[in-house]
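Visitor: Chains as they are written, first to last, in the numbering used here: chain L, 53 to 136; chain F, 53 to 136.
Watch out, some of these pointers could steer you wrong.
Identical chains blur together in the list; that is why a pair holds if it fits in one copy or across any two.
[As the list claims (entries may be wrong)] Listed next, the in silico DSS-like pairs over lysine-lysine satisfying Cα-Cα at most 30 angstroms (straight line):
1. Lys62 <-> Lys100
2. Lys100 <-> Lys57
3. Lys113 <-> Lys62
Just so you know, these hints were derived from the structure itself, not from any lab.
Here are the chains, one letter per residue:
Number of protein chains: 2
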Amino acid sequence: KGDPKAGEQKAMMCVSCHGATGNVSVPLYPNLAGQHEEYLAHSLHAYKKGERSGGQAEVMKAYVSGLSDEDIDNLAAYYASQKP
Amino acid sequence: KGDPKAGEQKAMMCVSCHGATGNVSVPLYPNLAGQHEEYLAHSLHAYKKGERSGGQAEVMKAYVSGLSDEDIDNLAAYYASQKP
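Build the full structure now, drawing on both the sequences and the hints.
Guide: Shown next, in the form of structure tokens:
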């Protein structure tokens with residue numbers, strides 16, 4: 053299980069597309085707020101492993117490539133703790 | 053833009069994993085309620101085109117393969133209209 057406080061620090065790079073609280077203003081992008089931590093971590097690993105393509109997948113892969121497993125857990129914990 | 057009423061009919065096959073209102077009980081699966089219609093339609097097309105792998109992607113591809121573009125728009129409109 054991740055640390056939401058540590059995740060909030062790492063989330064600096066996510067906010068331009070996903071919003072500071074994980075609620076997007078661009079309707080083509082997913083809201084992250086209130087998703088379960090497990091699903092959020094799963095998705096980040098999927099991008100990192102190259103299991104997603106099309107859309108913004110290459111952008112996501114670039115962002116996620118520098119994240120450790122712990123960073124991913126922390127980010128997932130942070131966005132899971134936010135209100136939709 | 054899709055028709056949420058028509059989408060609700062089609063959603064019969066989605067509810068066992070994603071819940072009747074798009075709020076999941078299985079933490080590894082994504083909530084759909086309150087996502088933007090555009091993102092939901094994008095995701096369904098991504099599964100249909102085989103742009104996602106790993107996790108439940110093969111299951112999703114199988115479900116989505118029988119859906120028309122209109123079905124996808126309707127499903128997206130339905131889940132976008134649900135409350136997180």
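Visitor: Would you mind marking each hint as holding or not holding in the structure?
Guide: Structure-based check of each hint:
1. Lys62 <-> Lys100: Within one copy, since 16 angstroms is at most 30 angstroms while 32 angstroms is not.
2. Lys100 <-> Lys57: within (22 angstroms within a copy, 37 angstroms between copies)
3. Lys113 <-> Lys62: Within one copy only: 16 angstroms inside, 32 angstroms across.
Going down the numbered hints, you'll see the structure goes against none, and every one checks out.
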